[in-house]
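Top to bottom, those sequences are chains G and E. So that you can map any letter, position 81 of the first sequence is 81 in the numbering used here, and since no number is skipped, the others follow by simple counting. So that you can map any letter, position 68 of the second sequence is 68 in the numbering used here, and since no number is skipped, the others follow by simple counting.
No wet-lab data here; the hints were simulated from the structure. Zero decoy hints are in this set.
When chains are identical, the list treats them as one kind, so a pair holds in a single copy or across two.
Below are the DSSO-like pairs computed for lysine-lysine, each with C-alpha atoms no more than 30 Å apart in a straight line: (1) Lys206 with Lys156; (2) Lys125 with Lys161; (3) Lys146 with Lys125; (4) Lys26 with Lys161; (5) Lys206 with Lys26; (6) Lys26 with Lys156.
On a predicted model such as this, the values are computed, not experimentally measured, just so you know.
There are 2 protein chains.
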Amino acid sequence: MAKGEHISMSVVRRLPRYYRFLYDLKENGIVRISSRELSQRMGLTASQIRQDLNCFGGFGQQGYGYIVEQLYAEIGHILGVDVLTPAILVGAGNMGHAIANHMDFEQRGLQLVSIFDNNPDILGKNIRDIEVLPIERIDEICANQKIQATILCIPKEAASKIVERLINLGVRGFWNFSHYDISYNHPGVLVENVHLGDSLMTLSYKLNENR
Amino acid sequence: MAKGEHISMSVVRRLPRYYRFLYDLKENGIVRISSRELSQRMGLTASQIRQDLNCFGGFGQQGYGYIVEQLYAEIGHILGVDVLTPAILVGAGNMGHAIANHMDFEQRGLQLVSIFDNNPDILGKNIRDIEVLPIERIDEICANQKIQATILCIPKEAASKIVERLINLGVRGFWNFSHYDISYNHPGVLVENVHLGDSLMTLSYKLNENR
DNA sequence: TAGATTGTTAATCGATTAACAATC
DNA sequence: TAGATTGTTAATCGATTAACAATC
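Generate coordinates for the entire structure from the input sequences, incorporating the hints supplied.
Shown next as structure tokens:
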């Protein structure tokens with residue numbers, strides 16, 4: 001596929017995995033790698049790796065392979081880790097709290113600016129040096145900080161209204177942990193769904209498959 | 001595809017979503033639904049729905065459609081929600097703690113039997129009425145409770161050893177939140193990966209795609 | 001230069017969509 | 001019965017793999 005054409009999601013979803021493997025190689029002091037060796041380490045075909053990378057450009061050198069450090073940087077760039085998108089997290093319950101604490105947003109292209117919740121037990125407390133604010137202050141913060149992305153960790157019922165409000169405030173993308181169907185109800189909005197329940201049931205299927 | 005043949009993961013991964021939509025329909029008192037109407041609600045083709053379902057059997061009635069309640073039960077059965085697999089959670093840090101608290105395991109085919117961690121701050125405390133035990137007791141519990149699945153929420157470095165130990169103790173499947181590559185290092189073991197970092201970077205890609 | 005490995009085109013495979021006969 | 005909608009086969013589309021010429 002020539003550079004510049006539409007990139008399929010199948011390809012994009014493999015990029016973070018390449019990125020992880022290249023990071024490890026880099027950490028282990030490995031300077032160059034061929035598509036063949038990378039394919040063996042990752043459990044896929046060399047052909048696929050070359051196809052994937054050539055969607056974005058010719059990063060390799062014929063007869064030599066790819067320079068690990070350079071390819072790592074290129075993929076990071078493609079994924080957009082070097083441009084921080086201002087983001088907020090809405091819903092600091094079990095999940096939201098853990099996500100806020102656990103994820104390294106800055107290394108992955110997002111900057112977590114504010115956290116919102118309405119539960120008085122956590123309101124005003126700090127999570128990772130970010131104060132938990134009441135939801136009513138969302139409009140003010142979104143406007144002032146030019147928020148473009150939201151990590152959504154609220155129950156399904158509450159999601160519809162908040163999503164609409166956020167889109168009107170300029171939010172273009174959601175990391176969606178709720179079970180609300182954003183992409184269906186708001187076509188055009190960028191959504192990355194994390195359906196943990198679905199994932200768990202898929203494991204359940206696999207466990208029961210050959211019984 | 002005839003019943004009994006191999007089912008592709010593309011199909012399996014759609015099942016939990018069908019299950020969710022059918023649950024909602026059921027809750028809203030809708031008794032019957034055609035593939036066409038379901039396809040419109042879900043944003044896919046009627047053909048695909050019929051193909052997917054017919055991998056497992058003819059659940060519909062020609063000229064009528066599908067009975068919501070019955071189809072819901074069938075898909076639940078296929079996913080294995082009615083057989084609880086005994087499972088443990090290893091690593092009750094940020095993520096592990098939230099997962100243990102947040103997920104409804106019993107509705108999704110797993111029974112969370114024990115939680116393990118080595119951090120003295122949480123050892124002995126209860127999460128959802130389950131006491132957090134030290135990792136050294138893993139062998140004993142796995143053997144006694146016939147543990148078959150593990151929710152893995154530990155750092156990459158610690159994963160290798162624990163996974164090997166658990167496999168030797170009879171664990172067949174992992175819900176893997178760590179960045180350790182189980183399926184590669186232990187072929188044949190059932191793994192469902194939740195790579196939140198990868199997911200977040202995919203959102204980052206989408207946010208930067210058209211810029 | 002010769003050997004190695006990429007970038008890229010062609011072939012294959014699998015998944016989705018369309019079409020329609022079967023049947024409730 | 002006529003109308004509707006499934007189950008299933010055939011056609012299309014897209015993604016993966018194989019092959020090889022280009023080139024470092």
